[in-house]
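*Asks:* Quick note, the sequences are listed as chains A and B, same order. Count along the first sequence starting at 1, add 1239, and that's the number in this note's numbering. Count along the second sequence starting at 1, add 1239, and that's the number in this note's numbering.
Heads up, a few of these hints could be off.
One copy or two, either will do: identical chains are not told apart, so a pair holds if it fits within one copy or between any two.
To be verified - Keeping only pairs whose Cα atoms sit at most 25 Å apart, straight-line, the calculated BS3-like set for lysine-lysine is: (1) Lys-1346 x Lys-1407; (2) Lys-1511 x Lys-1532; (3) Lys-1445 x Lys-1275; (4) Lys-1407 x Lys-1275; (5) Lys-1275 x Lys-1287; (6) Lys-1491 x Lys-1508; (7) Lys-1486 x Lys-1511; (8) Lys-1491 x Lys-1476; (9) Lys-1486 x Lys-1266; (10) Lys-1491 x Lys-1532; (11) Lys-1275 x Lys-1473; (12) Lys-1275 x Lys-1511; (13) Lys-1491 x Lys-1511; (14) Lys-1307 x Lys-1501.
Since the hints were derived computationally from the structure, they do not count as laboratory data.
Number of protein chains: 2
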Amino acid sequence: MIVQEKLNHFINTNRELIGQELQYHLKQLDIPEQLKASMIYSTEAGGKRLRPILLMASFDAYNHDNNKVLSSAVALEMIHTYSLIHDDLPAMDDDDLRRGQPTNHIKFDEATAILAGDGLLTLSFELISNDLHLTDGEKVQIIQLLSTASGPKGMVAGQIRDMEAERKAVTLEELETIHTLKTGELFRFAIRSGAYLGGATNEQIKHLDQFAHYLGLIFQVQDDILDVTGDAAKIGKPVGSDEANDKNTYVKLLGIEGAVEKKENYVTKAKKELSDADADTSHLMSLVDYFSKRDH
Amino acid sequence: MIVQEKLNHFINTNRELIGQELQYHLKQLDIPEQLKASMIYSTEAGGKRLRPILLMASFDAYNHDNNKVLSSAVALEMIHTYSLIHDDLPAMDDDDLRRGQPTNHIKFDEATAILAGDGLLTLSFELISNDLHLTDGEKVQIIQLLSTASGPKGMVAGQIRDMEAERKAVTLEELETIHTLKTGELFRFAIRSGAYLGGATNEQIKHLDQFAHYLGLIFQVQDDILDVTGDAAKIGKPVGSDEANDKNTYVKLLGIEGAVEKKENYVTKAKKELSDADADTSHLMSLVDYFSKRDH
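So that you can see chain A by itself, here it is in the shape it has in the complex (with noise of 0.2 Å):
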């Protein structure tokens, strides 16, 4: 219980910090109005933020000095707002609501969402490249592992995937590769950049990177659990959604009860590496429950 409390200090605190951060880095712009109120409103957007709280969870197991990580924080938030923004557009997945609000390009229009996008992503490398807390080296290591994870060989690769995916059979092997581009490599960004920011080992950074990437597929695997068992208010789409677009998920190939032995497999890999990281990670630790148990 104490634990649980913990960590929900450690996510109440650093969420409002990141929200508050976000903005001020958004709203000091002096750029077009409607250009600026379109970044703004998908980062405000009612994210969990949860991709800055486990790098800043990451950092917190080396390191305590917040300044170091705060950039780093906010420019993987922004990546993943601008891939989001993206993602809904008619072109591609045609959304019309997320978490219960209209899409960027439905508050807007179809132009201002994309360059809104284009705007956060570029954004994203400036803010590094001018945080006065890092050394230079420290911000091209930063920028390499963000570009890379969220670029082509990274995000973007795992958006095309799932798009060419849609509506064929694909095997367990497929789709975890689909997941791991698509959301695991952000997520592996948020832990390793964590933790070389933090001053961890390559040694303790190559076990969390092993741990980034079963939190990924735990993330993945309780998202279509929740598809099919979830809450609609919570989860903020009707049960049962995936089935009826036909989309390939770990229920469909596995079944419920498959996919809940899947996911407690990752937790207990995910812990493993953790323990071998040799860290307080204790944060993280309660983060792995926190993902396999989330119910939105």
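Please arrange chain B on chain A, whose structure you already have, making use of the hints.
*Replies:* Here is chain B on its own, set in the frame of chain A:
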């Protein structure tokens, strides 16, 4: 005549070099085929490589070891290409042809075009961050300049202002603000980063920055003039299409003679700044005339 031949040699050699480098970086990518084909298609689509050539000419005024500028030149062309792909999308300018070839979303599809643009944008920062010829300090400086020039304060702002100005009358001042953001910022990046990497002093860079500003405007006035007086086969679109589309142009605001006069005025100013930059700027000097007198 000899000056002209020297410039042509410089342009042709570096155009080929940029093309080779671009292909080298793209072809080796281990990414989904469709994404890769789409990214390569638009970078190969007959671009003049003006921006990277400017960058290399600016560098060449101070230094001759090309290795130091190649990644910045290639990254710049990737960013320029991404902006064209996104500009051509149905929700933006809705163009089916560019330089006489099908635009990216026509050749592939809209989703692929959006992702190819996102991919090229992200890859440009990855490329610079991994360049073995640059120090960490140089990488950070280039990434700062490039992200600022191409992001929401620069090119992206120009794009949204351009759309907002469509089909409404603008003043000459507003027209120049749009061009300065939409085209000028990448020209400024080319000139500034080339000079910076070449070892120019801050004082020299200041003059070159002004030079780049005027060069961008010369480029744009000539574009507008060519739309009226050019050869359709050479400019790759029907003569008079700006007027037909009711576009805001220098010719519309000043008439042909006024536009030519404006251009000559900028040529004089650009050459003055170059003289003040005090280096071997002979290629840049010839490029002013090349930009001013180009027929496509």
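*Asks:* State for each hint whether it applies.
*Replies:* Here is what the structure says about each hint:
Taking the shortest Cα distances, Lys-1346 and Lys-1407 sit within 25 Å of each other only across copies (23 Å), while inside one copy they are farther apart (32 Å). Taking the shortest Cα distances, Lys-1511 and Lys-1532 sit within 25 Å of each other inside one copy (18 Å), while across copies they are farther apart (68 Å). For the homomeric pair Lys-1445 and Lys-1275, neither the shortest alpha-carbon distance inside one copy (39 Å) nor that between copies (29 Å) is at most 25 Å. Taking the shortest alpha-carbon separations for Lys-1407 and Lys-1275, only the inter-copy value of 22 Å comes in at or below 25 Å, while the best intra-copy value is 39 Å.
In this homomeric assembly, Lys-1275 and Lys-1287 come within 25 Å of each other (Cα to Cα) only inside a single copy, at 21 Å, whereas the closest approach across copies is 33 Å. Taking CA atoms no more than 25 Å apart as the test, Lys-1491 paired with Lys-1508 passes inside one copy only; the shortest distance there is 23 Å, against 68 Å between copies. Taking the shortest Cα distances, Lys-1486 and Lys-1511 never come within 25 Å of each other, neither inside one copy (31 Å) nor across copies (63 Å). When the C-alpha separation of Lys-1491 and Lys-1476 is checked against a cutoff of 25 Å, the pair qualifies only within one copy, where the shortest distance is 18 Å, while the shortest distance between copies is 51 Å.
In the homo-oligomer, the alpha carbons of Lys-1486 and Lys-1266 never lie at most 25 Å apart, since the shortest distance is 38 Å inside one protomer and 32 Å across protomers. For a Cα distance limit of 25 Å, the shortest separation of Lys-1491 from Lys-1532 inside one copy, 20 Å, qualifies, whereas the shortest one across copies, 64 Å, does not. With identical chains, the CA atoms of Lys-1275 and Lys-1473 are never at most 25 Å apart, being 29 Å at best within one copy and 38 Å at best between copies. Taking the shortest alpha-carbon separations for Lys-1275 and Lys-1511, neither the intra-copy value of 44 Å nor the inter-copy value of 37 Å comes in at or below 25 Å.
For a Cα distance limit of 25 Å, the shortest separation of Lys-1491 from Lys-1511 qualifies neither inside one copy, at 28 Å, nor across copies, at 70 Å. In this assembly of identical chains, the alpha carbons of Lys-1307 and Lys-1501 never lie at most 25 Å apart, being 36 Å within a copy and 50 Å across copies at closest.
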